[in-house]
Structures are given as C-alpha cells and as structure tokens.
Amino acid sequence: MRFSKSFIPTLKEIPNDAVVQSHILMLRAGLVRMVSAGIYSFLPLGYRVVRKVSEIIREEMNAIGGQEFHLPALNPKEIWEETNRAEAFGDTLFHIKNRDYVLAPTHEEIMTFHARNVVKSYKDMPQIWYQIQTKFRNEPRPRSGVIRGRQFLMKDAYSFDISWEGLDVSYELHDKAYRKIFDRCGLNYFVVGASSGAMGGTGSEEFMVKSPAGEDTAAYCESCGYAANVEVAASRVNMIGRDSVSKEIYEIHTPNVKSIDELTEFLKIEETVCAKSRIYIHNGQPVLIFMQGNDEVNESKLEKYLGSNVRPAHPEELLEITGADAGSIGPIGFKGRIVSDLKLKDRNNLFSGANKNDYHIGGIDFKRDVKNIEYADLRIVQSGEGCPNCDNSLEVFPAIELGHIFKLGTKYSDSMDAKFLDEKGEEHPIIMGSYGIGVERVIACFIEQRHDDKGIIWNKALAPFDVHLIGLNMKKAEIVDACEKIYNELNKQGIEVLFDDRDAAAGFKFNDADLLGMPLQIVIGEKKLKENMCEVKVRRTGERFDVGLNNLEQKVNERLVNL
RNA sequence: CGGGGUGUAGCGCAGCCCGGUUAGCGCGCUUCGUUCGGGACGAAGAGGUCGGGAGUUCGAAUCUCCCCACCCCGACCA
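Going by the working numbering, 476 is the number at position 434 of the first sequence; the sequence numbering is gapless.
For the record, the hints were derived by calculation from the structure and aren't laboratory data. C-beta atoms are modelled at their ideal positions from N, C-alpha and C, and glycine is treated no differently. Check before you lean on any hint, since a few could be wrong.
Straight-line distance between alpha carbons at most 27 Å, and here's what the computed DSSO-like set of lysine-lysine pairs gives [said to hold, decoys possible]:
(1) Lys346 to Lys289
(2) Lys466 to Lys517
(3) Lys496 to Lys570
(4) Lys534 to Lys572
(5) Lys94 to Lys289
(6) Lys218 to Lys496
(7) Lys177 to Lys139
(8) Lys119 to Lys94
(9) Lys597 to Lys534
(10) Lys398 to Lys409
DEER-style ranges, computed between Cβ atoms [unchecked claim]:
(11) Glu531 to Ile56: 17 to 27 Å
(12) Lys54 to Ala105: 21 to 31 Å
(13) Ile56 to Arg183: 14 to 24 Å
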C-alpha cells in the first residue's frame, strides 16, 4: 500500500483525552478514532490488525472443531427474558426504543436458541460454535480507549455436550486453543482461576495480561506459577501466636483516634495487635468482621463465606447497631454474628474499639472474651504475602482480562429448555460451556507490552504490514525507480509492504515509521543506492544493516521469521 | 451515580481570575521557491457559531444560571 494514497492520520502530539499508552499510540498511529465515549472506529491500518488477530483466532478455533457463525446483534427482548438476564444485566443492556429489541451484550441465549431447535440427539454432539462479532454493553464508565468500550469485538464460543465429562473435554480444548492464540499473538499472559460471577457455572479461568491499565487485580507467584484473581486469591501468612499471658481487659481513652494508623501512633503499639472492626449487613442482620491491622476485607470472599446479600453498613446504621461510629467499634458488648480473619485466630492481648466513641479496649482475648467467634480467610491478598502453593511470595498487580472460559453447565439449557435424548431415549439438558476473547483488547494489550517512546513495535503476526519501505527524497527519479521495483518485487513474494512514497523530509518519515512500528524498515537513500545497497532496520532491536538489492527479498524473509 | 477537571481552527495550547480594538501562538493545511539520512527554510495564504442555551451589561471567550460532551478517581463490571 502506498502511504500517499492511504488514510493513515498519524498524530505528532498526544491527544488530550488519552491517558493509557495503548490508547495514545492507537490514536497517534492512526489505528482508531473515537466517535463517542467507549465507541471507536477502526481505521484502515487498525482494521488490518483486527483481521490478523481474527484470523489467528479462526485458525485455532477451527483446529479444535469450531464452526463459525454470524449471529444477529439485534435480539428480541423476550429471548433474554427466558433466562432472566434482561433483568440480570440491568442498565448494562442496551434497549431499543421503538421495538422490544435489545442489543446483545453476549450470545448465550441466541446460541442456545439454535441448539434447542436443532440439537435433539446425543448423536448431534459435541458441538463447538463460535463467532467474531460486535457486542454492546452500556458500561457506566468506558475508559482506556478500546480496553473498555460500549461496543466491542468479541470472539465468543459455545460448547454443547451430552455429559460433564464431555464439557471437561470441550473446556480443555478451549484452554489449549486460547494458549495457542495468545502465544501466536506474542502476548505475555498468565491464566488465573476466577469466580464465575453472573455468568453462572462451575468453573472458569481468565487469561490475563499484566498492565497498569488493568481493571482487575491479580495475584501471581513467579516461582510456581500460582495465579488468581484477587477476588479469590489465597495467601500464606506468618501467623502470630498467642502471648503466653493474657492481660485483663482495660478501657483506654483515645480522643479523636479513628484509624489504625492513629491508634498505633497514639498507643505506641504494632498494627498486628489491632483488631480492626467492620460492620456488614447480611440478610438484614449486622455482622462484625475483624481484620488484623490495616488488612482490607475482600468482599468477594466475605460474600462467599456468608452467602449472598452482603453489603457494608451505612455510617448512620453503625451508631444504632454498636453505639459508636466507625473507628470505635469493637467486640465487647456487640450482639450479633462475629467473623474474624484467620490472621487473628485465637489471639490475645488485642486492641479494638470500645463501642463508645473516643474509647478503645486493650487486653482482648478472642478465646476468652468473644463467644461464638468464627474464623475465615477474608483478607485481600497483598504483595509480599506468601504464595499458598510454594515458599515464595506473591506479587499483586493490575491486569487486563483478555479472555475468559466458563463451564456453564445447564444454566441456559435449563432455563431455555434445550434438551436432547440419550441412547436410552431419556431426556437431558445439554451441558454447555462458553468462551470469550476480547479482540480489541488483544491489540491494546499487545501495544501495552510492546512499545517504546517512539511508538508501537509490532511483531510479524499482528503487524498491519511486514515491511515499511521508505524512499528518501522522492524527487530523485533513481530513488523512485528503485523503490517501485522493490515494492513490486516484495509484493510479488507475498510480503506486505507499506511504501512511504510521500515527498517529505527524511526525519519526518523515519518518525512515522517508528510510530507505526512495522517489524522491518527498508530505507532507500541516494548514497547506498549507488552501491546497489539499501538499509534495513529492525524496529524491535533498532539494529540496522546494509543489504544488497539483489538478495533483498531473501534477507527480508529471513529476518521476518523471528519478529 | 458520587467527587474532581476540561471544552477556544484538524491537533496541542494561551487568553478567562480583573468584561472593552479585527480572539492569539505552535504544529498541520494551500501556493511558490529553496532543501532532502532523524519531525527543514523563506514568502504569501486559507481556516473560528470561543461546547449549547438563557441571563446580566452600552459591550461577554471572559460574569451568573441551566444543559451537553469528554477525561481522571471512586462505585459498578461476564
């Protein structure tokens, strides 16, 4: 493709609205443009990358027996009411004003609709059906460019099996396919166990990429590979045992002391001897939660432990429930369920609130003073805590979710009545799985991982073009001729070339080439041309070398292999 | 939805607090000439409902009110 005839609007300056690196670079390199918050157009260069990613996905999905569909984005609302998800999605679901239609945020319903109409016998399964299509979700807060949009491209796949064992097989196939896909894309990713959330089901794994732009938080152990979403991550901590002697309970006047930091400062004590109180409301009843020092409550873990319907108490409720405000709440005299994090199990000589403003209590012994206390792992895992599976420690960092695979089971086949007959003529619900990849996120994550201060650094797999051909001084006929010849020759060899044939200053073109980030740059300049040579630059390493024009194609092919 | 911020030429910004010529600057764009291996130089140009509406005023980019859009933090999120 000739640059002079292409729509590649590069930007020298950083657009005002972009903050994360991938977003900035996608705008600057002319890959995308924003139309509205969370709604992006892919421009020709960007769409070439979308097609490359899509093709890799197709190849790997087809390799596990997947069959590609193209489902409607516009869905009758009633089909979403069958599964109760019109309500479950709530405001996230886009509704059409003049018809009872919705814009599909995912496609379990439509796929199950087709399955129940066609898949009637055990002989019809297993099936893996997929598509690459636009999804619509009314995100309350779109951000980070294409990473979180209201409209986005997703590869979604669905498996239909006759048994749970069959589901395990389909799930494993997807797990392997996903690893191949992300490997081929050149991404540095990891896989975490995750909570199934509103999708329902029995098992799920997330494919994640470490990134400051991430909206999830993951805990990862480099040495053994343990990885988990922080919502479910466990950790091994050094337990502090009981002191040999339990002191008596005593009250301390602590004016204006609210936080743990203030308390440790005021009393000159370690935060490890502080039992921080938090009140949650579970099914209308207050529950007192204890955390050691400044540990934070992991509400996902708490919800799992107590059951659903858990929320933090409002400030007004605190006074009514405990007789004190936040900062002065404690176990003594509290009526209701008490759950403590494991770190405080059976501890004594602890400090906590007195349920009286401006007072704390020392000498608390959980075994002696707090009846019916329950213990559970309720902490949000922090960097530096021990890995639950090995001797090393965990690193906790923000991450982007690229893909998610779920064992759905019969959630949708039950609610939508998708059944089949087995060999004995007995009726069973189809066992399903669903599997998603955010196509644009693959691109954004790649750029997050592979860029420098000059621009994007594509690999061969995702690059919009293999080679960026730069003719310096396009007013010289011999340079134009040489470029044209190389351009045609490379094209003939099936090498994709972006030919910068613009009449612009050398530095201008070099900077655009670095910004756009094709794996190889070929520079045709006057001096080297006289010796029948040109310069080839490897974008990733910055390495430059001279190549004779006679064996250029061969050299290019050789160099492209590992990029 | 809560908190904070921004909106002035295609892009990046100044001007606003303290109202007063024809609303500036850099980049980009057009034309001509020179230049040509790391975002060239000179000359001449084009391009604006100052986010929208209402108000205050002799006079509003500037002050007041309402609305809209976008960004950041939080809440939410398969």
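Which numbered hints fail
Violated: hints 1, 2, 5, 6, 8, 11 and 12.
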